[in-house]
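Colleague: Whole structure, please, built from the sequences with the hints as guidance.
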Amino acid sequence: MTDSNDPTQTFREEAAELLADLETALLSLEERPDDRDLLDTAFRALHTLKGSGAMFGFGAMAAFTHHLENAFDQVRRGLMAPNSALIDVALASKDHIRGLIEHPDRVNKEEGARLLDLMAKQTGAASGPTGSGTVTADKDLGTPGTWRIRFRPAPDALERGTNPLLLLDELRAMGSATVVTLTEALPPVEEINPNRCYLAWDIVLTTTQPRSAIEDVFIFVVDDSELTIDPVDPEAKRIGEILADRGEVAADTVTDAVGRQKKLGQLLVDDGAVTEERIHSALAEQAHVRNKTDAAKAVVPASNSIRVPAERLDDLMDQVGELVISHARLKQLVASSADLQIKSVTEEIERLSNGLRDTAIGIRMVPIGTLFGRFRRLVRDLSQDMAKDVSLTMSGEETELDKTMIERLNDPLVHIIRNSLDHGLEKAEERQAAGKPPQGLIHLSARHAGTQVLISIKDDGRGLNRDRIRAKAEEQELIQPGARLSDADLFQLIFQPGFSTAKAVTSLSGRGVGMDVVKRTIDSLRGTIDVTSTPGAGTEITLGLPLTLAIIDGLLVRVGAGRFVMPLSAVEECVELPVKEDVRHTGRNFLNIRGSLVPFIRLREMFSSPLPADPYQKVVIISVGERRVGLVVDQVLGDHQTVIKSLSQLHADTKAFSGATILGDGSVALILDIGHLVALGQTFEPRRNVS
Amino acid sequence: MAVNDNQTFEALTFALGGEIFAINANLVREILDMIPQTEVPGSRPFVGGLINVRGKVVPLADLRIKFDMKQTPPTIDSRIVVVEIPLDGEPTMVGLLTDKVYEVTEIGGASIEDTPDIGMRWRPDFIKGIGKRRDEFIVIPNIERIFTSE
Chain D
1 MTDSNDPTQT
11 FREEAAELLA
21 DLETALLSLE
31 ERPDDRDLLD
41 TAFRALHTLK
51 GSGAMFGFGA
61 MAAFTHHLEN
71 AFDQVRRGLM
81 APNSALIDVA
91 LASKDHIRGL
101 IEHPDRVNKE
111 EGARLLDLMA
121 KQTGAASGPT
131 GSGTVTADKD
141 LGTPGTWRIR
151 FRPAPDALER
161 GTNPLLLLDE
171 LRAMGSATVV
181 TLTEALPPVE
191 EINPNRCYLA
201 WDIVLTTTQP
211 RSAIEDVFIF
221 VVDDSELTID
231 PVDPEAKRIG
241 EILADRGEVA
251 ADTVTDAVGR
261 QKKLGQLLVD
271 DGAVTEERIH
281 SALAEQAHVR
291 NKTDAAKAVV
301 PASNSIRVPA
311 ERLDDLMDQV
321 GELVISHARL
331 KQLVASSADL
341 QIKSVTEEIE
351 RLSNGLRDTA
361 IGIRMVPIGT
371 LFGRFRRLVR
381 DLSQDMAKDV
391 SLTMSGEETE
401 LDKTMIERLN
411 DPLVHIIRNS
421 LDHGLEKAEE
431 RQAAGKPPQG
441 LIHLSARHAG
451 TQVLISIKDD
461 GRGLNRDRIR
471 AKAEEQELIQ
481 PGARLSDADL
491 FQLIFQPGFS
501 TAKAVTSLSG
511 RGVGMDVVKR
521 TIDSLRGTID
531 VTSTPGAGTE
541 ITLGLPLTLA
551 IIDGLLVRVG
561 AGRFVMPLSA
571 VEECVELPVK
581 EDVRHTGRNF
591 LNIRGSLVPF
601 IRLREMFSSP
611 LPADPYQKVV
621 IISVGERRVG
631 LVVDQVLGDH
641 QTVIKSLSQL
651 HADTKAFSGA
661 TILGDGSVAL
671 ILDIGHLVAL
681 GQTFEPRRNV
691 S
Chain B
692 MAVNDNQTFE
702 ALTFALGGEI
712 FAINANLVRE
722 ILDMIPQTEV
732 PGSRPFVGGL
742 INVRGKVVPL
752 ADLRIKFDMK
762 QTPPTIDSRI
772 VVVEIPLDGE
782 PTMVGLLTDK
792 VYEVTEIGGA
802 SIEDTPDIGM
812 RWRPDFIKGI
822 GKRRDEFIVI
832 PNIERIFTSE
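These protein sequence lines are chains D and B, in that order.
Taking this note's numbering, the leading residue of the first sequence gets 1, the next gets one more, and so forth.
Taking this note's numbering, the leading residue of the second sequence gets 692, the next gets one more, and so forth.
No wet-lab data here; the hints were simulated from the structure.
Backbone N, C-alpha and C define an ideal beta-carbon position, used for all residues, glycine too.
Mixed in with the good hints, there may be bad ones.
Incomplete in silico selection of chain D near chain B, CB under 8 angstroms [what the hints assert, rightly or not]:
{"#": "1", "residue": "A16"}
{"#": "2", "residue": "L19"}
{"#": "3", "residue": "S84"}
{"#": "4", "residue": "L382"}
{"#": "5", "residue": "L650"}
{"#": "6", "residue": "T654"}
{"#": "7", "residue": "I662"}
Calculated pairs, BS3-like style, for lysine-lysine (alpha carbon to alpha carbon, straight line, at most 30 angstroms) [to be verified]:
{"#": "8", "chain 1": "B", "residue 1": "K747", "chain 2": "D", "residue 2": "K343"}
{"#": "9", "chain 1": "D", "residue 1": "K655", "chain 2": "B", "residue 2": "K757"}
{"#": "10", "chain 1": "D", "residue 1": "K655", "chain 2": "B", "residue 2": "K761"}
Modeller: Written out as structure tokens, the structure reads:
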């Protein structure tokens with residue numbers, strides 16, 4: 001938690017988000033160059049990065065970002081188009097900025113210079129002398145410039161802790177400043193709310209610092225305030241600018257001039273005694289300012305979110321877990337009581353603790369779009385490297401998933417997408433020869449299915465090569481030669497460590513490590529992997545993940561003296577074990593469930609329970625994807641709110657359990673690892689097929 | 692793995708399988724009466740159970756298996772000593788089954804002798820040293836080593 005007090009750390013986190021926004025905006029801008037909102041998003045991200053970077057001592061980063069910002073300012077002003085060359089530079093610069101933030105001390109200066117060079121070429125080529133003029137003017141710190149600044153804080157600025165006087169002092173510190181207070185918005189005394197800010201200021205500032213330094217002063221209030229910063233230009237035709245220009249001569253004149261300007265405004269309202277030209281100009285300026293602030297307000301959604309360290313959420317989750325356990329105990333105690341009042345209070349607590357649990361889980365939920373967004377860059381870069389034309393599409397980005405899970409999914413998805421790009425998708429010629437459009441397609445999708453989230457990565461490439469997988473698996477003695485395997489089983493082999501059918505190791509894949517990483521990560525998240533593939537038409541890998549890592553609905557069963565929990569989401573049905581199946585111990589452990597054969601496992605044999613079996617054994621049918629397996633138990637006890645506790649290192653070797661939980665009576669029950677048990681059940685099948 | 696530094700330390704002494712053991716009192720988190728334990732099918736017998744320690748699921752270890760001692764059923768004196776030890780760099784709570792807990796006492800560095808090379812049926816790396824108190828020998832086990840060895 002100490003880290004969260006370090007402002008630099010906060011800045012880093014914020015910068016990471018800004019950079020992600022920037023990248024998304026840049027990539028989208030490449031597709032929709034005319035989208036004004038995207039351009040503004042990119043520009044705003046750059047601007048904030050620069051401003052807060054300078055504030056937290058990332059000077060080099062701020063200076064570098066400044067140039068990129070300038071380039072985008074030109075795009076914004078319509079001086080150049082966001083062509084793909086510029087986006088390329090911008091993306092590379094974005095990476096460089098990240099480097100500057102993460103490792104300010106070991107920065108590749110040459111890379112920075114190269115990017116600046118490229119950027120200058122872009123901006124120079126597009127905008128001619130005027131454009132480069134702006135850039136150099138900003139860089140030129142020596143010459144003093146005079147700026148007219150009009151600053152009107154938001155009415156509630158004082159309530160939010162802004163002290164405008166400090167900002168003015170800061171400006172004064174930058175050079176010689178003349179400040180004029182505008183009181184025109186001040187209501188009559190009886191209507192004044194002392195907490196609101198009615199004032200605005202006109203400041204004429206002569207300073208050697210660049211415009212960006214002035215903007216930095218207002219960095220925290222710029223979003224809500226009216227702020228205009230204009231260079232004082234001797235050729236300015238508008239009245240305000242002429243007045244400000246005069247102000248450079250003497251401070252008195254400025255006061256006077258601004259005073260006169262106000263009078264002009266009043267006259268304008270009163271009787272329109274000023275010339276048409278001036279009314280027009282003033283109105284246009286006003287409208288311009290208003291439009292700009294309005295537009296800015298519309299784009300920046302009012303932020304109602306707060307930043308909380310992830311540890312606090314973990315603590316909250318832990319405590320909610322404890323509460324759920326305590327409630328289970330209370331419920332058990334109350335069950336034997338006749339006191340109706342206690343019963344009703346217990347029910348009340350149950351309602352509250354369930355609500356609290358749902359809220360706590362909800363807080364940790366993040367839309368998966370934040371993760372998907374990262375892959376656009378990956379696909380773009382990889383497809384360029386491999387000279388393949390690939391388009392990435394997505395759906396269901398709004399699907400929410402536990403934050404920890406989203407973070408851990410990054411690596412597996414990277415590996416799967418790389419594989420698709422490298423092995424799955426063919427080159428354009430090959431695709432055309434096969435009668436497919438030259439552009440390859442990768443589709444990422446996410447959706448809810450019961451208590452699971454299904455994430456699928458689908459490509460329209462050549463599909464998995466069954467024969468090659470089989471040959472390789474036989475060579476590595478993973479399967480018996482000639483064993484009959486279902487497609488699903490065969491495809492699972494690609495997740496074996498060291499398994500690769502690639503003939504050559506490329507920089508991308510072929511070492512047989514990636515899919516092993518996928519498998520292990522998904523296993524540790526208690527998820528499932530399904531692979532379907534059609535030769536010539538593509539491969540789809542579907543990851544099924546539990547919604548949360550912390551609390552699940554479980555089904556409590558008894559085997560011998562032990563009680564076990566299985567995730568309710570995996571349970572399909574419970575049936576009684578037919579006596580004729582029970583007595584048959586011929587090794588044929590199959591059940592006929594409405595016409596289809598389901599293998600079953602006797603948990604009491606597996607756990608070597610010493611107690612005699614109950615006379616009527618139950619079978620709980622669980623499923624993972626297409627696979628089903630029956631678990632024979634002594635008794636089905638009922639559903640149970642299961643707070644998952646992980647097992648220590650000492651029990652890392654017990655594969656049948658994915659964790660433990662605490663029951664209402666305070667004892668510990670083990671949670672069955674469904675994925676492992678199903679895989680165990682499937683091992684019956686090849687055996688049956690062989691015999 | 693002998694105790695070479697002659698430092699005096701606070702130790703918790705307990706009886707197990709007819710011997711007296713002493714472990715660094717700093718490791719000890721709490722001492723519990725015997726509570727129901729949950730068997731973990733398929734686990735190593737040395738850490739065959741789980742217990743609930745204030746809402747945490749904690750493995751229960753039986754040191755007697757590592758020291759080739761006879762496993763006797765628990766008596767009224769039996770206690771579980773919960774210790775926190777680093778496993779793979781992660782502090783892990785583990786319950787230790789004991790026959791009886793005596794006291795927290797100071798064990799003087801001078802009274803600790805290196806593990807004798809002969810005359811021992813235990814794995815020498817499981818023992819940090821043998822201490823003497825009054826007329827009795829006290830075994831100082833290397834708890835971390837015991838839990839990290841296969």
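Colleague: Next, verify each hint and record whether it holds.
Modeller: Hints, one by one, checked against the model:
1. Interface restraint check for D/A16: the shortest CB-CB distance to chain B comes to about 27 angstroms, outside 8 angstroms, so the restraint is violated.
2. Taking 8 angstroms as the C-beta cut-off, the interface hint given for D/L19 is violated, the closest approach to chain B being about 32 angstroms.
3. Residue-level restraint check for D/S84 is violated (minimum Cβ-Cβ distance to chain B is 47 angstroms; threshold 8 angstroms).
4. Because the closest C-beta pair between D/L382 and chain B is about 35 angstroms apart, greater than 8 angstroms, the hint is violated.
5. Because the closest C-beta pair between D/L650 and chain B is about 4 angstroms apart, less than 8 angstroms, the hint holds.
6. Against a cut-off of 8 angstroms between C-beta atoms, the interface hint on D/T654 holds, since the closest Cβ of chain B lies about 5 angstroms away.
7. Nearest Cβ of chain B to the Cβ of D/I662: about 5 angstroms, under the 8 angstroms cut. The hint holds.
8. Between B/K747 and D/K343 the CA atoms are separated by roughly 28 angstroms; this keeps the pair inside 30 angstroms, and the hint holds.
9. For the proposed pair D/K655 and B/K757, the alpha carbon gap of about 23 angstroms is at most 30 angstroms, so the pair holds.
10. A threshold of 30 angstroms between alpha carbons decides the hint, and for D/K655 with B/K761 the separation of about 29 angstroms falls inside it, so the pair holds.
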